[in-house]
Amino acid sequence: MPGLGSAQRWAAAAGRWGCRLLALLLLVPGPGSASEITFELPDNAKQCFYEDITQGTKCTLEFQVITGGHYDVDCRLEDPDGNVLYKEMKKQYDSFTFTASKNGTYKFCFSNEFSTFTHKTVYFDFQVGEDPPLFPSENRVSALTQMESACVSIHEALKSVIDYQTHFRLREAQGRSRAEDLNTRVAYWSVGEALILLVVSIGQVFLLKSFFSDKRTTTTRVGS
Amino acid sequence: MALLLLLGQLLALMGYGGAFYLEVRELEEKCFIQEIPDGTVVIGNYKTELYDPAMEKYQPSPQWINLFVFVKDPENKNLLARQYGPQGSFTFTSQSPGEHQICLHLESIRFALFYDGKLAIHLDMQLGEHTNDYAEFAAKDKLTQMHLRVQQLVEQVELIQKEQEYQRWREERFRQTSESTNQRVLWWSILQTFILVATGVWQMQHLKSFFKAKKLV
Chain A
1 MPGLGSAQRW AAAAGRWGCR LLALLLLVPG PGSASEITFE LPDNAKQCFY
51 EDITQGTKCT LEFQVITGGH YDVDCRLEDP DGNVLYKEMK KQYDSFTFTA
101 SKNGTYKFCF SNEFSTFTHK TVYFDFQVGE DPPLFPSENR VSALTQMESA
151 CVSIHEALKS VIDYQTHFRL REAQGRSRAE DLNTRVAYWS VGEALILLVV
201 SIGQVFLLKS FFSDKRTTTT RVGS
Chain X
1 MALLLLLGQL LALMGYGGAF YLEVRELEEK CFIQEIPDGT VVIGNYKTEL
51 YDPAMEKYQP SPQWINLFVF VKDPENKNLL ARQYGPQGSF TFTSQSPGEH
101 QICLHLESIR FALFYDGKLA IHLDMQLGEH TNDYAEFAAK DKLTQMHLRV
151 QQLVEQVELI QKEQEYQRWR EERFRQTSES TNQRVLWWSI LQTFILVATG
201 VWQMQHLKSF FKAKKLV
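These protein sequence lines are chains A and X, in that order.
Numbering follows our numbering, in which position 3 of the first sequence is assigned residue number 3; successive positions increment by one, without gaps.
Numbering follows our numbering, in which position 72 of the second sequence is assigned residue number 72; successive positions increment by one, without gaps.
Since the hints were derived computationally from the structure, they do not count as laboratory data.
These numbers were taken from a predicted model, which means no experiment stands behind them.
Ideal Cβ placement from N, Cα and C applies to all residues, glycine included.
There could be a bad hint or two in this list.
Where chain X lies over chain A, by a calculated footprint (3+ residues, C-beta under 8 angstroms) [what the hints assert, rightly or not]: (1) 79–86; (2) 93–104; (3) 147–153; (4) 160–166; (5) 197–210.
Using 30 angstroms as the maximum straight-line C-alpha spacing, the simulated DSSO-like pairs for lysine-lysine come out as follows [to be verified]: (6) K47/X x K46/A; (7) K159/A x K72/X; (8) K58/A x K159/A; (9) K47/X x K209/A; (10) K46/A x K77/X; (11) K209/A x K57/X; (12) K58/A x K91/A; (13) K57/X x K46/A; (14) K107/A x K91/A; (15) K30/X x K87/A; (16) K46/A x K91/A; (17) K46/A x K87/A; (18) K30/X x K90/A; (19) K46/A x K30/X; (20) K46/A x K107/A; (21) K47/X x K107/A; (22) K77/X x K87/A; (23) K102/A x K118/X; (24) K118/X x K87/A; (25) K209/A x K159/A; (26) K30/X x K91/A; (27) K47/X x K58/A; (28) K90/A x K102/A; (29) K107/A x K57/X; (30) K57/X x K58/A; (31) K159/A x K47/X; (32) K209/A x K102/A; (33) K72/X x K46/A.
Here chain X stands alone, though its shape is the one from the complex (with noise of 0.2 angstroms):
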């Protein structure tokens, strides 16, 4: 049974290093765009590793190879610029609805890399209900099983419910944009049928004075 449970809790640590990974140069910067609502917590589980041209396989990162994570909201102002380790997570509240940006690089800060030196960088970003460890929130509030669960219901659906009132405000802003659409084409229309009007005016007393002034009229 204690075997089933070590056993149990390590699977759960190799799933959550089962994340996708993504080829990157040193310095190279890769971003990602995460459309939340305000007031969600991002966390992001990182890990970094060095490709090994001998053995040709990637080997975890050295400990001199460092992550910088910036993080922008949606109106460009700075929530995160930490540097951190070449594994770990790194985590931010949204504070304004919207587009947050979240731009990652490597950077060797003590031995210079090879010039093609490939690295790998694992990310898993989870937001909302998944960024609870309920294993220790059970364990810290001695809670039952149905009251985890329960809990990790009422989670979902405050997910859910924060999603629905972003929905709202992106909806307002949409309609924001149509109606000043819809009123720069009417107001450009009138503009621009005035301009027609007045230029045709000018243009004939404009010529009908020269032609007299040349007495062929």
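So here's chain A without its partners, still in its complex pose (with noise of 0.2 angstroms):
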């Protein structure tokens, strides 16, 4: 029968491309994201972030403390089951890369619970699967001409550029804090110290006429 023949033929196209459409959302993982943000940790704060990642998606966690203290944080990234895939207590720098081995949402946290009084600048960078595309109807299949798979590796060594651009303004900006702490620290230490040998060699000058003047006080009661 010719309608049923038709009928199937286009109930097994529809199936071939569901079948294609299943296999391109679970095979190709979504385009990707890169975070990058600096905040600031006050003391005994703990900030976390969450973000939902597909499974099989390779993602780059990369922190570092830019200003306060001692410079160090603890940092802490779990799976969507609560198991704890990175932990590092006061840590400086560091990078970590992992694949989601599942799907849901991963957490990560930043503590400065161990600091009393001093707050500190953080800055992370989560990388999460690969950039997207310059053309959402690209083919990643097709191949690209000579003049195009030049563009696209300029583009990654430029990416490069810009990351060690980023990774060598934060050491600056550490620099540049240290040195500004210690400029006003030098200011205050100086008043105060100018002030407290004013005031100590004033006193001791006071402190030592005084005891002569008991002496001659009992001095003259002994003699009358």
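Grab the two chains, each in its own frame, and use the hints to assemble them into the complex.
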């Protein structure tokens, strides 16, 4: 029967497209995202960030402490079931790469709970998956011309240049904050020391005078 | 083919929402720092969600939950102080180089939330090259794929250039700070030696006259 045949064909085509769709959704991880953020972590505080990640995505978490105290922070990364994937205490800088083993919300926390009065500025960069392609309709399988592949490699190289620049800027920020700290500390300490000097030297003189004054009264009493 | 295109667009849309989120309470302020050179465009895409205890998951926020965004430049001048809806994007351009502070807090403008109402802010801040939407760029100017790629490279290089200029400005400030510390240490050492010698001389003179008056010398 021709009607059934065309329906069968249609169903087969739909099934094929459905499979391709499913395959696309499952195998190709979604376009990735890179979030880099600098935030302030007050003393005795903990700040957590959450991200929904699909299974099989390669992710990288990188963090660096910019200002505050001994420039260290606790970091902790948990998967959706609560298993700790990464845990470090009092680290200044670290980078951790992992592949998501299951779908769900991953949580990473920075803690400054060990510090009593210094608040820290923390920078982190969480890269999930690959960068989205320039053209949404681009078919990754097709070959690129020489020009295009040269452009792609230049793009990747420039991305790493920008990444190095960021890290350089953070280290320079660290150095500069230490220098500014030193500057203010020198000012306060100098003024303080000058005052202490004056107070101590004047105090010494009057204390000495008071010793001799007492002796004199005792001698006069004995004499009379 | 058209289906793949549609899928691509869908995935691209989902990708934006895939940025991290943080949990806040109502009126709790969260601040972020962006250290950028002048003339940089910063776009923040955000999405807020309200925790539904009945369903035990986050649902998109109702319209009466607004996001307040305050952006301060390095001289503490207000660059942006605006109220936005529960979803959208905010943008600003830096006027001077340095650390900009971006503070956000959520507020419900009509109904009161439950006292332990949890909210989530999905945030994705991009600056420089990523702020251009290449698809509409291409469609508007009818550029070829090659042209678009080169345009992306040009913008990346411009970003690097700007960052280098900014580095130079920062290094100059660092040098100024170090020179100021150097000067301060020098002058204070001289001053303190002077104070020491002066107080020593004064002490001797004072005590000498004191003992002479007491007829002990």
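Quiz item: How does the coverage statement for the stretch 197–210 of chain A fare against chain X, requiring three or more residues with Cβ below 8 angstroms from a Cβ of that chain?
Solution: Our answer is that it holds, as 8 residues pass the Cβ test (under 8 angstroms) against chain X, meeting three.
Self-check item: 30 angstroms limit on alpha-carbon distance, applied to hinted pair K47/X and K209/A
Solution: It is violated: about 76 angstroms lies between the C-alpha atoms, which goes past 30 angstroms.
Self-check item: Straight-line alpha-carbon gap K102/A to K118/X, limit 30 angstroms
Solution: With Cα atoms ~25 angstroms apart, K102/A and K118/X stay inside 30 angstroms; holds.
Exercise. Take a quick look at whether K57/X and K58/A sit within 30 angstroms of each other, Cα to Cα.
Key: OK: K57/X and K58/A at ~25 angstroms, within 30 angstroms.
Self-check item: 30 angstroms limit on alpha-carbon distance, applied to hinted pair K107/A and K57/X
Solution: 15 angstroms, holds
Quiz item: Going straight from one Cα to the other, do K209/A and K57/X come out at no more than 30 angstroms?
Solution: The hint is violated at about 79 angstroms.
Practice problem: Check whether three or more residues of the stretch 79–86 of chain A sit with their beta carbon closer than 8 angstroms to a beta carbon of chain X. | Solution: violated (count 0)
Quiz item: Given the hinted pair K47/X and K107/A, is their alpha-carbon gap at most 30 angstroms?
Solution: Since the Cα atoms of K47/X and K107/A sit roughly 18 angstroms apart, the hinted pair holds (cutoff 30 angstroms).
Quiz item: Taking only the CA atoms, is the gap from K159/A to K47/X under or equal to 30 angstroms?
Solution: 27 angstroms, holds
Practice problem: Quickly compare the C-alpha distance for K46/A and K87/A to 30 angstroms and report which way the hint goes. | Solution: 14 angstroms, holds
Exercise. Count residues of the stretch 147–153 of chain A with a Cβ under 8 angstroms from any Cβ of chain X, then say if the count reaches three.
Key: With 4 residues in contact (Cβ-Cβ under 8 angstroms with chain X), the coverage given for the stretch 147–153 of chain A holds.
Practice problem: Would you check the hint for K159/A and K72/X, treating anything up to 30 angstroms between C-alpha atoms as holding? | Solution: Holds - the C-alpha atoms of K72/X and K159/A are around 28 angstroms apart, at most 30 angstroms.
The structure is inconsistent with the numbered hints 1, 2, 9, 11, 22, 25 and 32, although it conforms to all the rest.
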